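Asks: Residue strings, one per chain:
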Amino acid sequence: MIVEIDENKIISLAKKTVTEALKAGFEEVAAIVNYEDEAMVKFANSQPSILQSWNNISVSVYLAKNRRVATLSFEIPREEDALGFIRNFVSEIELSEPSEYYAPLPKLETKIKGPAEIHDSIIKALTEPETYSEEILNTALTYEIDKLAGMFKVVAGFEALATSTGVETLESYGKYEFYVRVFKGEGSGQWASAGRILRREEIVETTRVASEYALASKRREKVASDVYDVILSPMVVSNIFNIIGTMASAFEVDMGLSIFANNKVGDVVASDKLTLIDDPRNPESYSMTYVDAEGVLTRRNAIIEKGVLKTFLHNSKTARKYGVKSTGNAGWINPHPWSLEIAAGELKYDELIAEVKKGLLITNNWYTRMQNYVEGMFSTVTRDALFLIENGEISKAVTKLRITDKLPRLLRNIKDLGRRRYQIKWWEAEIPTIAPYILVEKIHTTKHML
Amino acid sequence: MEELLNHVVSVGTSEGAEYVEARYHRVAESYIVMKYDKVISVGKSVSEGVGVRVLVNGSLGFASTNILSREALTKIVKRAIEKARALAAQYREPIELAHMKPREAKYSAPMKKSFDSMSLKDKIVLFKEVWSEARNVLRKSRMQAFFIEYIESSEEKLLVTSEGVKVESYVPRVSIYGNFVINAPEKGTMQRFFERGGSGGLELLEKWNIKERVVTEAKILEKVLLEGKSPPKEKVDVVIGSEVVGLIVHESCGHPSEADRILGREAAQAGESFIKKDMVGKERIGNEIVNVIDDPTIPGSYGYYLYDDEGIKARPKYLYKNGIINELLHNRWTARMFGVVSNGSARAKDYTSEPIIRMSNTYFKPGDMSFEELIEDIKLGVYIKSYMEWNIDDLRWSQRYVGLESYLIEKGEIRGYVKYPVLEITTESFYNSVDAADRSLEFHAGTCGKGEPAQGVPVWLGGPNVRLRSIVLGVAPY
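In the order they appear, the protein sequences are chains A and B.
Everything in the first sequence is counted per my numbering, starting at -7 for the first residue and increasing by one.
Everything in the second sequence is counted per my numbering, starting at 74 for the first residue and increasing by one.
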């Protein structure tokens, strides 16, 4: 269906929304119009469980008047209704109060009209999801597994941005997300992949890794909770760094939802082995974008470089408050990371394992929750294959534990990183993250006591 | 709208679908976000569209759009059928739905005070007062952070299916969510998230009395931060407060009782369940006193509905009854697989969402003691009243709750504060350790996540204070 809406209509609607809101009495306006066509096959018990498809238009609007700030969003059938809501909101916003975060929208004159850069593989998968579904199921069947579950999603769309300060942009995108969980005996393995080009090799490799972990953990033994050196797989790294990357938002810092709440730029916050980057300009990234919600050009930002906090993530509001420039991460209210990356290390997978005298290889986790965001107290439950490493070798698969520690300590205890990276996006890691395996020393684990 | 939905159903059946379900679904929300006593932003969102589900040759398809022309809807239903048909050969076990009778119904959740009975300005003033009182109660620490998000919403649905269902509903809701951080330089910080939610109108704001709650909690948490001691290392009796009990029954009874999870449908996302098909009606999970109920029909509740999103009449379900795994949460597919009728547990978050099995308002049935009676024979114990950190494994067996507002119990009395006691326990051990519950019943609001794409839906989690015997508490390694 992607060809059925003219991209010019998307940009026209964004511009019209800005014009109408200004006419209604708002002083500053930004409007994002998005049109998306999406298909998803969900798997369970080695068969599809449902094919879902979506075909939606959304309009999001930022409004300011007398330093009062509002955001509105609409997924509604009638353009005129959306405009009506905006007009009527003039009287509402006047009842609000000036926002301490108010800053004028940046005057940018950014003009981008992105070419249709949707890769053929995405269009094909959107048109024939059943072909890819069959391929996934057939690939899994080449392993001696009990069953497979998972999800395969493709999206194509347009996004237009117009502002009252001269921004007019139109970007198109096509992307995929795929993850599988494979079961064998007592064991299971889960792996994920995401990006802008759907390569057959990605499907094969993702399924292979999940299957191999499932097969290798099919018999498990109990293990004591202890302080271990742990190797976190890219799945675990993505989940944990989704939280840490989000905590780099200056707004999250202000709200008391960040381990960086008591830090300033230049502080050492991690091991010098760690470099954490937000890179929306990576052409392979699931979330690649040229501009943020204010029309500021996005850029590659090192959040932590060799252990040093290099920047918070800013929109123009938090930037004004902190006396810096926007980093191109708007969010009209809350800046956010687009696409996280952890710089690769130098070690091969086997070399990382060889570094560990007594420790764990944690291939997946879920349900990470914080006791205290400011101090970074957290726990997360291991899931799928978990291996005990003894004297540099995997000795056996073991049963579940929890990582129970503090994020700042985890960051400081990073000892080494793998050289190969994977782009992960799945249910427990919504921000795409390009991550290697990471070795962290002296991590506390717990398990149920009764 | 009804005509459009009938058109969708008619196109679907004429294209060969065995079942067609068309749901108009509109969710409108207004919000205020405040930091301390300052407004950050206000706003509104409206999502309105149609979600269509079809069953074709045993293959399930779902499509949704907010382009509500006859032409666009015809196209999406045809596409859903075409794609479901193309996938049908990949199903080893075709999907079938349990029988249901045709039904027409219309209901709405009562609202005593409409959302516009108070201006935006007055609502802001109300939340300013929370901060102005909370900031002054701390004696030896300061509030490092404080925010409140207030949301009022309305959900309208019209469901029409090829099996003679027509159900129309309207449910307004109000919720408040917030966070504060208390900082005492030599002791560190203590953080509290708080949430209230229910169906109805602005009468809920009066009922909740957020200001008093936040002020009281801030005062107590300062004491816990400054004076709290580690929990005893030996086995002790533990009293778990309503807020924690509600969460525990949600996590270790409600979720594992979802029949779709038991059948593996969520295996790659929220996981599976320790409950197996043959345990239902037989397997003991805890003491006789253990009764956990899921009831969507509680007036004023956050997870309120009277008909589910497949058109099945909602009713209370005893998930655990007298300590036995008693009944699962079903939709029409799982009901067919288990050879029962659906008990009306299918919910969809919005028009972009397929209906899946969800909890509504899940609670531990109260006992008949007073709180004083519950603790009177405890020589040494801990009362865990609230929590922050929690999690549970993906079979819903091994779980962890870290206490926030917690007290030491000595010789039947509350004496002093305990900092971060950890209850890390299996589901079986928890329900076998419960030996008494008091007669209080409180409900707490939450947003439950499940499905792909993830659907957060409003739920209540509730219960009385319950007592556990002979528990080893952990100490958080902070």
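Don't read these hints as lab results, they were simulated from the structure.
Since the structure is predicted, the reported quantities are computational estimates derived from the model, not experimental observations.
Hints may be right or wrong, so weigh each one.
Mimicking DSBU-like on lysine-lysine, the simulated pairs with C-alpha atoms at most 30 Å apart in a straight line are [what the hints assert, rightly or not]:
#, chain 1, residue 1, chain 2, residue 2
1, A, Lys210, B, Lys349
2, B, Lys308, B, Lys438
3, A, Lys116, B, Lys148
4, A, Lys256, B, Lys349
5, B, Lys148, A, Lys434
6, B, Lys438, A, Lys214
Asks: For each hint, tell me whether it holds in the structure or not.
Replies: Here's how the hints hold up against the structure:
no.: 1; hint: Lys210(A) with Lys349(B); in the structure: 20 Å, holds
no.: 2; hint: Lys308(B) with Lys438(B); in the structure: 26 Å, holds
no.: 3; hint: Lys116(A) with Lys148(B); in the structure: 19 Å, holds
no.: 4; hint: Lys256(A) with Lys349(B); in the structure: 52 Å, violated
no.: 5; hint: Lys148(B) with Lys434(A); in the structure: 57 Å, violated
no.: 6; hint: Lys438(B) with Lys214(A); in the structure: 35 Å, violated
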